[in-house]
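Peer 1: Sequence:
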Amino acid sequence: MDEHLNKLEALKLNLPKVVGILGKDEFFNSAVLIPIVFLEGKYHLLFEKRSANIRQGGEICFPGGRIEDSDDDALHTALRETYEEIGLSEDKINVIGKLDILFGPRGVLVEPIVAKVEIENLNILNLDKSEVEKVFFVPLSYFENNEPERFNIHSSITHKSFNSKGEEEELIFQNNHGNDTYFKDIREVLVYKYEGEIIWGITARLVYEIVQKMKSN
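Numbering-wise (the numbering used here), the sequence shown opens with residue -12 and increments by one.
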């Protein structure tokens, strides 16, 4: 009996004091900075357009990227990536707080850092042209006054296993009568259009959350 009690006590001692995310390391863990800039009497959001020759080229996003092992935390990542991508130094960034962690499609986990940025124009920024085609402002009032378009995207996950020779193996846990589609889902994708640019997906969801939280005050 003592042995069983000891095991239970060991379990209790090793349970996390602060609940995290089980299996987090299996995701693509990333952080972004949501830069809010006060210009000409109103607030704006600062966006990047990704260079055409990189992954997800031409898409609109916030500065950010993968959380590296050398980063202290998500904030460190967001500040580092922002400086690397657009040359915005930490002394011009006043962190306000964080949005909730966002689980995106294809195993992406995003930790959004919200900050007020002290710049007067875009000329002071130094873009890494290998990653960033351009940057631009959008007034927050635009998003407050224009609801996003909503699309229902159908997606599915297919499980396949291959051995060292590249040959497909039977999955012993597959129990769907020959159908290799393991999971199907419908998710809502938000889309904003602004002066010829399309802001969608994770970035649009973060914008929407910012707007909703500002309205609730």
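Everything labelled a hint here was simulated from the structure, so no lab data went into it.
Just so you know, even glycine gets a beta-carbon here, dropped at the ideal spot from N, CA and C.
Some clues are possibly wrong.
As the list claims (entries may be wrong) - DSSO-like mimics (lysine-lysine), calculated; alpha carbons at most 30 angstroms apart, straight line:
1) Lys116 / Lys29
2) Lys103 / Lys116
3) Lys11 / Lys(-1)
4) Lys152 / Lys180
5) Lys36 / Lys(-1)
6) Lys200 / Lys116
7) Lys103 / Lys200
8) Lys85 / Lys(-6)
9) Lys36 / Lys147
10) Lys116 / Lys147
11) Lys103 / Lys(-1)
12) Lys147 / Lys4
13) Lys29 / Lys11
14) Lys202 / Lys85
15) Lys116 / Lys(-1)
Stated by the list, open to error - Cβ-Cβ distance ranges computed for the label pairs, FRET-style:
16) Asn1 / Gly44: 29 to 35 angstroms
17) Val178 / Ser151: 25 to 31 angstroms
18) Lys79 / Glu175: 14 to 20 angstroms
19) Glu131 / Gly183: 27 to 33 angstroms
20) Leu9 / Leu109: 20 to 26 angstroms
21) Gly44 / Glu107: 27 to 33 angstroms
22) Leu109 / Val82: 17 to 23 angstroms
23) Gly183 / Ile111: 21 to 27 angstroms
24) Lys36 / Leu(-5): 51 to 57 angstroms
25) Leu9 / Glu107: 25 to 31 angstroms
26) Phe25 / Gln199: 41 to 47 angstroms
Peer 1: Next, verify each hint and record whether it holds.
Peer 2: Structure-based check of all given hints:
1. Lys116 / Lys29: holds (29 angstroms)
2. Lys103 / Lys116: holds (24 angstroms)
3. Lys11 / Lys(-1): holds (21 angstroms)
4. Lys152 / Lys180: violated (47 angstroms)
5. Lys36 / Lys(-1): The given pair, whose Cα atoms are some 48 angstroms apart, is violated under the 30 angstroms limit.
6. Lys200 / Lys116: violated (33 angstroms)
7. Lys103 / Lys200: Answer holds: Lys103 to Lys200 is near 15 angstroms, not above 30 angstroms.
8. Lys85 / Lys(-6): violated (38 angstroms)
9. Lys36 / Lys147: Violated - the C-alpha atoms of Lys147 and Lys36 are around 35 angstroms apart, more than 30 angstroms.
10. Lys116 / Lys147: Violated, because 38 angstroms separates the two Cα atoms, which is more than 30 angstroms.
11. Lys103 / Lys(-1): violated (42 angstroms)
12. Lys147 / Lys4: Between Lys147 and Lys4 the Cα gap is close to 37 angstroms, so the pair fails against 30 angstroms, i.e. violated.
13. Lys29 / Lys11: violated (38 angstroms)
14. Lys202 / Lys85: holds (17 angstroms)
15. Lys116 / Lys(-1): With a Cα-Cα distance of about 51 angstroms, the restraint between Lys116 and Lys(-1) is violated, given a limit of 30 angstroms.
16. Asn1 / Gly44: 29 to 35 angstroms: violated (45 angstroms)
17. Val178 / Ser151: 25 to 31 angstroms: Violated, at about 43 angstroms.
18. Lys79 / Glu175: 14 to 20 angstroms: With Cβ atoms ~35 angstroms apart, the hint is violated.
19. Glu131 / Gly183: 27 to 33 angstroms: The hint (27 to 33 angstroms, Cβ to Cβ) is violated, given that Glu131 and Gly183 are roughly 20 angstroms apart.
20. Leu9 / Leu109: 20 to 26 angstroms: violated (42 angstroms)
21. Gly44 / Glu107: 27 to 33 angstroms: holds (29 angstroms)
22. Leu109 / Val82: 17 to 23 angstroms: holds (21 angstroms)
23. Gly183 / Ile111: 21 to 27 angstroms: This hint holds: roughly 25 angstroms between Cβ atoms.
24. Lys36 / Leu(-5): 51 to 57 angstroms: Given about 55 angstroms between the Cβ atoms, the range holds.
25. Leu9 / Glu107: 25 to 31 angstroms: Because 45 angstroms falls outside the window, the suggested range is violated.
26. Phe25 / Gln199: 41 to 47 angstroms: violated (20 angstroms)
In the structure shown, a violation is registered for the earlier hints numbered 4, 5, 6, 8, 9, 10, 11, 12, 13, 15, 16, 17, 18, 19, 20, 25, 26, in ascending order.
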